[in-house]
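J.: Spelled out, the chains give:
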Amino acid sequence: MFKSPFLKMAWRNLWRNPRRTLITTSSITIGLIAIVFYFGFMDGMNRQTLENNIRGHSGHIKVYAKGYQKDPAISKRIINPEGILEILLSEPHVLYALPRINTQGLVATGEKSAGAMILGIDLKKEENVSDYKRYVGEGTYYIPGGGILIGKGLAKLLRAGIGDILSIIIQAADGSMGAENYKIGGILSTGEAVMDNSLVVMSLEDMRALTVAGESVTEITVILESAEYTEKVTGALAMRLDMEVLELVSWKELLAFLLDMQGLAEIFKYVPLVILIIVASLGILNTVLMSVSERTRELGIMMALGTRPSRIVFLILLETAIIGIAGVILGVTGGAILLTYFGDRGIDFSQWKEGLMTIPFHPTTIYPVIEPVSFYLATGVVFVSAVMSALYPAYKAARLRPAEAIHFA
Amino acid sequence: MSIYAVILFCLLSALSSPATAEEIGSGREIIRRMDTLMRGDTSAGIYEMTVRDPNWERTLRLKVWEKRKEKKTFIRILSPPKEEGIGTLKIGFEMWNYLPKVEKTIKVPPSMMMQAWMGSDFTNDDLVKESSIVEDYLHRLTGEVKMDGFDAYRIEAIPKPDAPVVWDKILYWVRKGDYVPLRQEFYSERGELIRVMTFSGIKETGGRVIPTLWRMRPVKKEGKETVLRIIDVEFNKSIDEDVFTLRNLTRVR
Amino acid sequence: MSIFLKMAWRNIRRNLRRTLITLSAITFGLAAMIIFFGFTDGFHAQWVENTVKAYTGHIQIYRSGYRDDPQLNRSIADAAEIIKELKTEPAVDTYAERVEVQGLISTAENSYGVLIRGIDTGEEVKITGIKERIIKGEYLNEDKGRGVLIGHRLAEKLNAEIGDKIVLMVQAADGSLTAELFRLQGTFRIGATELDSSFAIVTLKDAQALSLLGDRVTEIAVMLKNPVDVLPVSKRLKERLVSSGYEVYTWEELMPALQEMIDLDNIFMYLILLVVLVVVSLGILNTMLMSIMERTREFGIMMAVGTSPRNVILLVMLESFFIGIIGIISGAGIGIGINRIISIKGFDLSRWGGATEFFAILNPVIYPETDIINVLWSCAIVFLTALIVSVYPAVRAARLRPVEAMHYV
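Chains as they are written, first to last, in this note's numbering: chain A, 250 to 658; chain B, 633 to 885; chain C, 78 to 486.
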């Protein structure tokens, strides 16, 4: 095929008017770069938001005692976490297994009291994994023994600040009343009103002491190398763990609402693509029409000399295809370069932090990614529509009557 | 502490205040006499309360003072050591806890007070209206039977149409002659037995013959039970008003 | 000047194909922007309406101090006074008195904490639409005694069937704990876990009786005919009511997170718009360059007979100007037209993919809105872009060397 005379002709035709060719190609290229970058940006943002939520909230998989998810209570605990942690960490693709203890309680200062959610975490293990450290607005994440982190809203309600002493009262695992004083070491701003108004975080040891939980925990948050392994690992764990006393819940269930919203936003993602296709097609249509009309005489001669109309169509389409391929290759390369560049550095949105904070764990610096599906979709569709827009002019060219065409001046 | 206080209040008010007198032998009169036996205008006593759950069991020793008409109650936990010294003061519908461990007096928010129910085996009617059992029901003596080896009256209590109680029917067995309560059964509208209260350890205490061991069991919830043992109690002796003060709460010996 | 105007105008009409193609890029780009804006605005409006209806109404009126400390002793004693004011406001559509109080719901088997809301069954229907969400039993029927509606999740937890005894207990206005017997008349499904598991609805009278409020209420929810009027109406109401000891809040003040999410969404919309603009500009540039190139000979002759390069630029710019105007008018016409047509029946998003949880609360049918400000902005931006983009081709035309140009074939 490469030896075909048509290819040579097509190529030469394109270079006859280099400016035009270049302009047409570049419009495809630039449009494609913009779209590809945009897709990469949105995909990156969605993925990051999801990852952040997974890391900060749900983990990829949560291990609970059976019945906990439907009806959480301190009585439903994982009794032997050590053994389970071992199993979890030995499973391929598992990055972290974080034990946590979670229960409802009362938080009180001298005059005010309020219900709260008390969470005990392994501060060291979770330091770079979940986002609690990131959400410390005032004070420090590294609270000493007897220290707590408290949500911004809750602190305000209790009229308490860094350094103040709060009492926390809960019903312990053995039925007794647990009550202890703690010092506020840090204030959390998660951006989620519900959490800010009711969350208290302390070290796992302190929580164990308070809840008389011994070695047991109420949940283990499992974080994997990547979300794609979720089903596989869940399945494997279900075989290795005692599912009579435990239950495994994946992030897809826990973050259903977020997934929903992202799915919805997908629709809006494709709008610019559609616009690009239409506009680019119009441009190509114009260009090809022009080039055909310029060559009317020449085409007429070709047909008079015996070239079949179908071959004429082929020629026109081939020319457009070459422009299309060139445009797409350049566009894709350009887009990929941009994405890689920004993919490393990230785009900083922190000035719009306020608004972003309302979406839980929304990233303030976005790292665009190259999501193969979006990529191929964009490029494939653009290429196809480019070629298709040449159909009409090609068709017109094939319909020329040689005799008339030759005399076209 | 809220939970225990609440459980205790319930147990103590499970047998409620009398209303108007009626002919002897009627269900209502029997209940009234049973209640008079168990209560007084004031009471001061030492109790041992054990709460059992599928996962744990806890026994508290408590000292309780009560002035019924004024709706004042004061509770001090004597043991175990972890909860020793905790005090609860209830006046009307307000409740305070003092926790020596954190050296704080906390006013219990009503939402917590009501929600304490979730951990206990009791329902709201036990707390809200002390005279609920008499005023909200129509009592009928259905016969005399043998219960725990004693001759007893069997009384059926049906809630009045608009009464704010969740039960459909309550059965009482009261010992003939001295009106000592022996057993109570609580039924839901679907005819299911939901909870059972049994009384034993009948002996003379504080000048009266009363059961000293009360056991409350929610039938449908496996492994849950609340047991109250009366160690010592005195009725209708005067109690210093000073007892029912916030100051007294913090006065831990 | 007028010569050039005439020439520009005539040039445009001379070669319709060329004009049409350039025009179409502008028209299409603008129409796309307007439709896109229309959709997202419609979507946001729907989102707001639904959330506002379910919770607060457009405006809420409380007694002074209630919001900071929602105690029953801060209830509204003279609702009639407020209603009188509301009746004088033409922008008000409906208003509903409500009583909201925290309480305990019990059946023989279980008890849970709930938020009890007493509603005016007649007026409220116009606001929350709870009637349509009933999945079992029926809406509150006063003829059937004291009824209560609860969410399906709560009904499950309580193991309650229609007709069962339900006892509601609250801390009444005088501080005492009161309880009343209710019967379960219906179960609803709103779709939000929170609402379905901790919300109980009774009639206003019953709530007032239960809480010993007499004829007092805790709040009045106000719905406006047109959500746009929220700020001015609330201002007027504030002026008239604050001095009488009431506070007036808009939904934005009560649910700032909602507005923030919308604002955030809008930011991303602008991003999309930017990409669209880039694509459209390229289209315009492409077609304009093509058409200039086509007319090389013509320009050559013009300059040869004395037209100064500056005037060539002027001519080209004037042509763009006319094309721009026509493009804007037609684009706006089409865009607004399509928005109007779709908004007659609405556009059902749910057919385009999942998002089921989200749409349980939201109505998936979107009615595109046409915001004049947005439309004008879009027109201005596209018009200016078209003009700016045509500068380069204009300059190129002016730089042609007449002799060469004339011989251009």
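Hints should not be assumed to be uniformly reliable.
[Stated by the list, open to error] Derived DSS-like pairs: lysine-lysine, alpha-carbon spacing no greater than 27 Å straight-line:
| # | chain 1 | residue 1 | chain 2 | residue 2 |
| --- | --- | --- | --- | --- |
| 1 | A | K315 | B | K856 |
| 2 | C | K422 | A | K518 |
| 3 | B | K853 | A | K315 |
| 4 | B | K856 | A | K319 |
[As the list claims (entries may be wrong)] Cβ-Cβ distance ranges computed for the label pairs, FRET-style:
| # | chain 1 | residue 1 | chain 2 | residue 2 | range |
| --- | --- | --- | --- | --- | --- |
| 5 | A | S339 | B | W728 | 21 to 29 Å |
| 6 | C | E233 | A | A487 | 22 to 30 Å |
| 7 | C | E233 | B | L845 | 24 to 32 Å |
I should point out that these hints are in silico values taken from the structure, not numbers from a laboratory. Treat the numbers as computed from the prediction; the structure is a model and nothing was measured. Ideal placement from N, C-alpha and C gives every residue a C-beta, glycine not left out.
J.: Against each hint, give a clear statement of whether it holds in the structure.
T.: Tested hints:
The suggested pairing of K315(A) with K856(B) holds, with an alpha-carbon distance near 19 Å, which does not exceed 27 Å. A distance of roughly 24 Å separates the Cα atoms of K422(C) and K518(A); the hinted pair therefore holds under the 27 Å criterion. For the hint linking K853(B) to K315(A), the alpha-carbon distance of about 17 Å falls within 27 Å, and the restraint holds. For the hint linking K856(B) to K319(A), the alpha-carbon distance of about 20 Å falls within 27 Å, and the restraint holds.
For S339(A) paired with W728(B), a C-beta distance near 52 Å fails the hint of 21 to 29 Å. Between E233(C) and A487(A) the CB atoms are about 26 Å apart, so this pair conforms to the stated range of 22 to 30 Å. Evaluation of the 24 to 32 Å hint for E233(C) and L845(B) yields a failure: the beta carbon distance comes to about 37 Å.
Hint compliance for this structure: hints 5, 7 are not met, and every other hint is.
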